[in-house]
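Protein chains in written order, with this note's numbering: chain A, 73 to 379; chain B, 28 to 263.
None of these hints come from the bench; they were simulated from the model. Heads up, some of the hints might be wrong.
If the Cβ cut is set under 7 Å, some of the chain A residues that face chain B in the computed set are [what the hints assert, rightly or not]: (1) M239; (2) A243; (3) K246; (4) E249; (5) Q252; (6) G255; (7) I256; (8) N257.
Chain B regions said to be covered by chain A (calculated; three or more residues, Cβ under 8 Å) [unchecked claim]: (9) 102-108; (10) 115-123; (11) 128-142.
Cβ coordinates follow ideal geometry from the N, Cα and C atoms, glycine included.
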Amino acid sequence: MWNTVFPYLLSGISVGGQYALIAIGYTLVYGILRLINFAHGDVFMVAGIVMVYMAASGLPLWLCIILDLVATSIIGFAIERVAYKPLRTAPRMSIMISAIGVSYTLQNLVLYITGGLNQIYPKIPWISDSIKIGSATTKVVTVVTPILTILLVVALVLLINHTKVGMAMRAVSKDFETSQLMGININGVISVTFVIGSFLAGVGSVLYFTNYTTVIQTSGAMPGLKAFVAAVFGGIGSVPGAVIGAFIIGIAENIIKGLDIILFKAGLTSGPMGLAIFSDAFTFALLIIILAVKPTGLFGEKSIDKV
Amino acid sequence: MSLLRVRDLRVNYGGIEALKGISFDVEKGQIVTLIGANGAGKSTTLRAISGLVPVKSGTITYDGNVIAGQQPQQIVSQGICMVPEGRRVFPNLTTYENLRIGAYLRKDDITADVEHVYQLFPRLKERSWQLAGTLSGGEQQMLAVGRALMMRPKILMMDEPSLGLAPLVIKSIFEIIQTLHDEGITILLVEQNANAALRIADYAFVLETGMLGMQGTGHKLLNDPGIKAAYLGSGA
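Please model the entire structure based on the sequences and the hints provided.
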């Protein structure tokens, strides 16, 4: 039984970590701007595309990864400055529509550049290698992902709770005006938030696409959506919530993918029932349930804001 | 020359003229109060001085420099600090962090200033590690004042510091204002509690729907029959 479940659990934890890295971007931005940044999944996808083109230019891969992360951070920063900052005092719906616009712009830009063809993600040595753990054979990236995710999350939580800029982020998330009276540069703090979110999405993209090997303009949609569900599930605005939500969704999804085999081997079913097809449906059913039962999510704060 | 000089200040709020050209001076070291009814434009005046709302026309000069049109952080950095209406402490930060963030623009050591605030408000020291959102209304008001003091303000603007507080707490807040005044801080106080405000004010202005009405020393307005009838109630 355990030997059957373990490989699915392992890849669930790995995918969960990748979702977590994206979900933090949603939750941070929501926490500070009360904006659901619909373009965030596409930033993740663009990070993948940038990596493909950089690797093709012949630069060493380690340098490509660094440059990719820098580029992704800059893209996140630029999106905020161009598409959200001018709408700071506009109704929230306007910013949200602007976010949807950015999302389509990025997708179509990539469609234009790549011609809509699947791009092969560069094979990064070591993390693409196979490794055998117990009953499971997997890529090293599967093991690296959760560890790296946890390290980055711990670093982020320390930054938010123990540095001056983190304190400013917490203050701005509660009260723009009073933060200004303290002399805090609101736009600077918001930019920092977008840079952190995009950087983590960039890290997530390296891990994710190493696993899935191809990138196309719509590659960001599904992981982005799932990470968003994870953020809502954990309580949007909360970093630990988003991370835990992402791990739960990643694990549940992968267990469902293997449910046919797990049940069959356990002797509970006599043949395949095609349950794997419900793995995506599960995530979105979870979204509906959490919104109906506990709209603030696992760790979310009570809020009277309506989006 | 006066420390803060406001000339013909006009501010619009969504098409409504909230301030219709007011002029007044705040002398260094004084307690100056703006009194008036709800919607007279008292808070708007403070918000315009601190840069939170755009000035339509008129000038605000501080220590000889025009500050109207500057960003709030530039204005704060010159030592014009505000204790906003409704206290507005950061509920998700601890008491100590609220004080630290008050000194956000300072690069030097703030230990002495924190100690000073704790001396003024010993209650805050006891609650140093508590989240500000869990403090009582009076404690939050003390924290809001303490937070503003962390910038070592030259002018402290206070917007309705007595709002929604118990009489005993109000009394101690006004005592603190007096103490700060004795320390040499210039205070611009906005109050609906005209009685208490006029008692400690060196000079007072009455705002009526965006325009300045009477002005004079606190003592003079306190004894004015018109002011008595309009703002102080018959029993005052």
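Hint-by-hint comparison with the structure:
Because the beta carbon of A:M239 sits about 6 Å from the nearest beta carbon in chain B, less than 7 Å, this interface hint is met. Checking A:A243 against chain B: minimum C-beta separation of about 5 Å stays under 7 Å; hint holds. The restraint placing A:K246 at the interface with chain B holds, with a minimum CB-CB distance near 5 Å, inside the 7 Å limit. For A:E249, the interface hint holds, the least distance from its beta-carbon to any beta-carbon of chain B being 6 Å, beneath 7 Å.
Annotation: interface hint on A:Q252 holds; nearest CB of chain B at approximately 4 Å, less than 7 Å. A distance limit of 7 Å between C-beta atoms decides the matter here; for A:G255 the minimum to chain B is near 4 Å, and the interface restraint holds. Using the Cβ-Cβ criterion of 7 Å, the hint placing A:I256 at the interface with chain B is satisfied: the shortest such distance is roughly 6 Å. With a cut of 7 Å, the hint placing A:N257 at the interface with chain B holds, because the nearest CB-to-CB distance is about 6 Å.
Look at the stretch 102-108 of chain B against chain A: 3 of its residues bring a Cβ nearer than 8 Å to a Cβ of that chain, three or more, so the hint holds. Using a Cβ-Cβ cut-off of 8 Å, 5 residues of the stretch 115-123 of chain B lie near chain A, which meets the minimum of three, so the contact claim holds. With 4 residues having a Cβ less than 8 Å from any Cβ of chain A, the stretch 128-142 of chain B passes the three-residue criterion, so the hint holds.
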